[in-house]
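If you read the sequences in order, they're chains A and B.
Taking my numbering, the leading residue of the first sequence gets 3, the next gets one more, and so forth.
Taking my numbering, the leading residue of the second sequence gets 6, the next gets one more, and so forth.
Incorrect hints may have been included.
Only some residues are given here: those of chain B computed to face chain A with a beta carbon under 10 Å [said to hold, decoys possible]:
1) Phe75
2) Ala124
3) Leu125
4) Val127
5) Leu132
6) Ala147
7) Val149
8) Pro158
9) Val160
10) His161
11) Trp166
12) Leu216
13) Ala217
14) Leu219
15) Trp221
Here are the simulated distance ranges between beta carbons [said to hold, decoys possible]:
16) B:Lys102 <-> A:Pro123: 23 to 33 Å
17) B:Gln215 <-> A:Ala142: 48 to 58 Å
18) B:Arg218 <-> A:Asp87: 31 to 41 Å
19) A:Arg7 <-> B:Trp69: 55 to 65 Å
20) A:Arg7 <-> B:Val211: 49 to 59 Å
21) A:Ala196 <-> B:Pro139: 44 to 54 Å
22) A:Leu141 <-> B:Leu200: 48 to 58 Å
Since the hints were derived computationally from the structure, they do not count as laboratory data.
Where is the CB? At the ideal position from N, CA and C, for every residue including glycine.
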Amino acid sequence: MNGVRAEARIALAIAGKDALSELRGRHAAVSTLFFAALVLLLFGFALGPDSRRLAEAAPGLLWLAIVFAGLLAVGRLHLVETEDDALEQLALYPIERRAIYAGKALAGSAVMLVLGGVLLPTVAILYGIDLAPAVLPLLATLLLGTVGFAAVGTFYAGLTVRMRAREVMLPLLMLPIVAPLLLAAVQATGAALAGDPFGELGSWLQLLAVFDVVMAIAGAATYGFLLED
Amino acid sequence: MKARILGVAAAVSVIAAAAVGLLVVPADLNQGDAQRIMYIHVGSAWVAYLSFGVTAVAGVLWLWRRDPRFDAVALAGAEIGVLFTAFAIWGGMMWGKPVWGVYWQWEDPRLTTTALLLALYVGYLLLRRMTDDPARRATRAAVVGLVAAVDIPIVHFSVIWWRGLHQTATIGSPDRILNPAAPLVFVSALVSMALALSLAWGYLMVRRYQLARLEWQREESARMGRIVAARAPGAAGQVAP
Numbered sequence: 003m004n005g006v007r008a009e010a011r012i013a014l015a016i017a018g019k020d021a022l023s024e025l026r027g028r029h030a031a032v033s034t035l036f037f038a039a040l041v042l043l044l045f046g047f048a049l050g051p052d053s054r055r056l057a058e059a060a061p062g063l064l065w066l067a068i069v070f071a072g073l074l075a076v077g078r079l080h081l082v083e084t085e086d087d088a089l090e091q092l093a094l095y096p097i098e099r100r101a102i103y104a105g106k107a108l109a110g111s112a113v114m115l116v117l118g119g120v121l122l123p124t125v126a127i128l129y130g131i132d133l134a135p136a137v138l139p140l141l142a143t144l145l146l147g148t149v150g151f152a153a154v155g156t157f158y159a160g161l162t163v164r165m166r167a168r169e170v171m172l173p174l175l176m177l178p179i180v181a182p183l184l185l186a187a188v189q190a191t192g193a194a195l196a197g198d199p200f201g202e203l204g205s206w207l208q209l210l211a212v213f214d215v216v217m218a219i220a221g222a223a224t225y226g227f228l229l230e231d
Numbered sequence: 006m007k008a009r010i011l012g013v014a015a016a017v018s019v020i021a022a023a024a025v026g027l028l029v030v031p032a033d034l035n036q037g038d039a040q041r042i043m044y045i046h047v048g049s050a051w052v053a054y055l056s057f058g059v060t061a062v063a064g065v066l067w068l069w070r071r072d073p074r075f076d077a078v079a080l081a082g083a084e085i086g087v088l089f090t091a092f093a094i095w096g097g098m099m100w101g102k103p104v105w106g107v108y109w110q111w112e113d114p115r116l117t118t119t120a121l122l123l124a125l126y127v128g129y130l131l132l133r134r135m136t137d138d139p140a141r142r143a144t145r146a147a148v149v150g151l152v153a154a155v156d157i158p159i160v161h162f163s164v165i166w167w168r169g170l171h172q173t174a175t176i177g178s179p180d181r182i183l184n185p186a187a188p189l190v191f192v193s194a195l196v197s198m199a200l201a202l203s204l205a206w207g208y209l210m211v212r213r214y215q216l217a218r219l220e221w222q223r224e225e226s227a228r229m230g231r232i233v234a235a236r237a238p239g240a241a242g243q244v245a246p
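Same shape as in the complex, but just chain B (with noise of 0.2 Å):
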C-alpha cells in the first residue's frame, strides 16, 4: 500500500516537473527546444549511477551476510540501473545531433563511460539468467558488479585522457547548464525533475525488488517440492544423487 503512494506520488511530480520543463521554461538561447532534453537526461544518468552503486554495495553485502534480501536489492538495482542508463544514452543522442550535429561523439568521456557501464551491467543481468541456483547465481553476480565498479573509474580515467592527451578539437562542455551563471529557471528544471525521476527510482525499485523475493521464494519453494517428492514413498528410486 505504501509503494502505491510512492508509486502516485512519482507519476504525480514526473508529470510536474516535466511540464517545468517543457512549458515554463524559455528555449535555451544557443541550443534552442534540444536543450529541454538536458532536463530528463542528467535526471536519468543520475538515477543511474546511484542504481549501479546500489547494487556494488549490496552484491559486498550479499558476500559478507548471504541474505537473499541483499541480492534481491543488487538485482533491482542492475535492472533499473540499466533502464536509466539505456535512456540517458537516447536521450544524449537525440540532444547531441542537432548540437553537435552527431549523435555519438567518440570525444565526449561521459558518453564513452556510460556506453562500456550498459554494456557491463547488461552483461550482469544475462550472467543472472545463466546460472540457475540462486545462491550461486548471487554469488557470482556480486562479484562481477564488484570488478565492474572497480573497473568504471579506471575506464573514465582512461578516456578523459585519450581525449586530453590528444589535444583534439575541443567541443564546448555539454553541459554548463550546472555553472552557477546558469539563470535560475533552467537550474530549478533540472532540480526538480533529477527529484522526480529518483522518486520514481525508489518505486520501481520497491516494486522490482518485491519481485524478486517472491521469484525467490518460488524457486526455493519448487526446490522443497522436489525434495519432498523425492523423499515420499515409492519414489526411493528417483532420488537424485
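Bound-form chain A, shown alone (with noise of 0.2 Å):
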C-alpha cells in the first residue's frame, strides 16, 4: 500500500512540475489553444454558411479539433523532456517507470482538459449551439475523452520523442488507436446535445470508460520499455 502511495506522490510531483512549466511557459499553450480555436473558425469555412449544417457536424468538429490540438499538446510534455536530457535523467531516477507515465498523462488530461473547457463553449457560439441543458453529460464526456486521449498521447510521445520524423510519426501512429475514442466521444456529445432521446448516452460513456482503463494499464505497462533505450 505504501508503494502505491509514493508511486502516487511521484506521479502528482511530476504533473505539478509539468503544470507548472505550461503556466509559465504560456505562449505555447495558448498557440495550441489558439491553433484550436483556428481549425474550428476553418471548418466554418469548410462547411458553412448554413449555420443548421454546422450545428449538426458540432460534435465531430470539436472532437476532432481536441484531437489536431491534443496531438501538439501531448508531443510538446515530452519534447520539453529532451532539452538538456531530462527524459534520461527522469529514467535514471530510482522509481517505478508507470509513476513517470502516471504524472506524464495526468498532467496531458490536465492541459487538454483545459483546452476542452476552452473549445466547447467556442464550439456553442461559432455554431450556434445551447450548452445549458447539457453541461454534466458534456464535462463527463469531456473529462473521459481528453483522459483517454492523454492515456495513449502520453505513450506514443514517449515512444517517437526521440525518433526521426517525430513530427508524422506521433500523429501517424496516435491517430488509428484514438478512432474509437473519437467515435464515441462524438456520439457521447451529440446524444448529450440532443437530449439523450434514445438512452446511448450511457453507453458510450461506458465505452469510453473501458477505453480509457484499458489503455492506461498498456501505456503504464509499457512505457517502462520506452524509457529502456
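Build the complex from these two chains, which are given one at a time in their own frames, with help from the hints.
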C-alpha cells in the first residue's frame, strides 16, 4: 500500500512540474489553444455558412479540434524533456517507470481538459448551439475523452520523442488508436446535446471509460520499455 | 530446400483452389460471378488476422526473452499481414461495388475495423523504418504491436455499436456463405481457398523470416566492423565517444 502511495506522490510531483512549466511557458499553451480555435473557424468555412449543418456536425468538429490540438499538447509535454537530456535523468531515478507515465498522463489530461473547456463554449458560439441543458453529460464526456487521449498520447509521445520524423510519426501512429475514442466521444456529445432521446449516452460513456482504463493499463505496463533505450 | 517444397505446394494449391472457385462452383443466384471474389476475400482476411496475432505474440516474446529471432517473426507477420489486409480490403471493395452498389460501406463494422487495422500496421512498419538500432527497433515495435492488439477489440466493438445504436438501414449480412444452409460446393470452395492461402502464408512467413535474419546479421556485422576499425591501431582518434 505504501508503494502505491509513494508512486502516486511521484506521479503528482511530475504532473505538478509539467503543469508549472506549461503555466510559465504560457505562449506554447496559448498557441495550441489558438490553433484549436482556428481549426474550428476553418471548419466553419469548409462547411458553412448554413448554420444548421454546422450545428449538426458540431460534435464531430469539436472532437476533431480537440484531437488535433491534443496531438500538439501531448507531444510538447515530452519534447520539453529532451532539452538537457531531462528524460534520461528522469529515467535514471530509482522510481517505478509507471509513476512517470502516470504523472505525464495526468499533466496531459489537465492540459487537454483546459483545452476542451475553452473549445466547448467556442463551439457553442461559433456554431450556434445551446450548451446549458447538457452541461453535466458534456463535462463527463470531455473528462473521459481527454483522459483517454492523454493515456494514449503519453505513450506515443514517449515512443516518438527520440525518433526521426517525430512530427509525422506521432499522429500517424496515434490517430488509428484513438479512432474508437473519437467515435464514442462524438456520439456521446451528440447524444448529450440532443437530450439523449435514445438513451445511448450511458453506453458511449461506458465505452469511453473502458477505453481509458485499458489504455492506461497498457501504457503504464509498456512505458518503461520506451525509457529503457 | 524445405521452404522451396512448401512454396511449390502453396502455388499448386492456390491455383487448384482458384480453379475450383472459378470453374467448378456455379455462380451465386443473387450475387452472380461477383460472389466468387468472396472465396479469396475471406481467405485473405483470415490470413491477415493470423499474421497480426503472430506479430503480437512474437513481440511479447521479444520483450520477455530478447531473442532477435522473435523480432524477425514479428516483422514477417506485420509485413505479410499488411499485404493480405490490403488484398482483403481491395477484394471487398471489388465485391461491394456490384453487390452493395458502393465501394465503401460505412455501416459494415468489419470493413471499418479492417481499414483501421491496415493503418495501425502500416504505422508499425514505418516505425521500424524510423529506428536504426536493431534492439531498440524491436522493443519499440513490440510495444506498439501490443497496444495495437489491445486496441483492435475496442475498435471492433465501437464500430458495431455505432451501427447498432443508430438503427440505420440494415444491409443484408454480407457473407451468409458460411451459414449451414449454404450448399456444400460453395463451402468447399471457400475452405479450400482458405487452406491454400494458409499454405502460401506459411511459405511467405518462412522466406520473410529468413530475410529478416539475414538483415539482422548484416546490421550486426556492419556494427562489429565499425568497432574493429575503431579499435585498430592508428585509428585511436576516431573512436566514437
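Unmet hints by their number, sorted upward, for this structure: 1, 12, 13, 14, 15, 16 and 19
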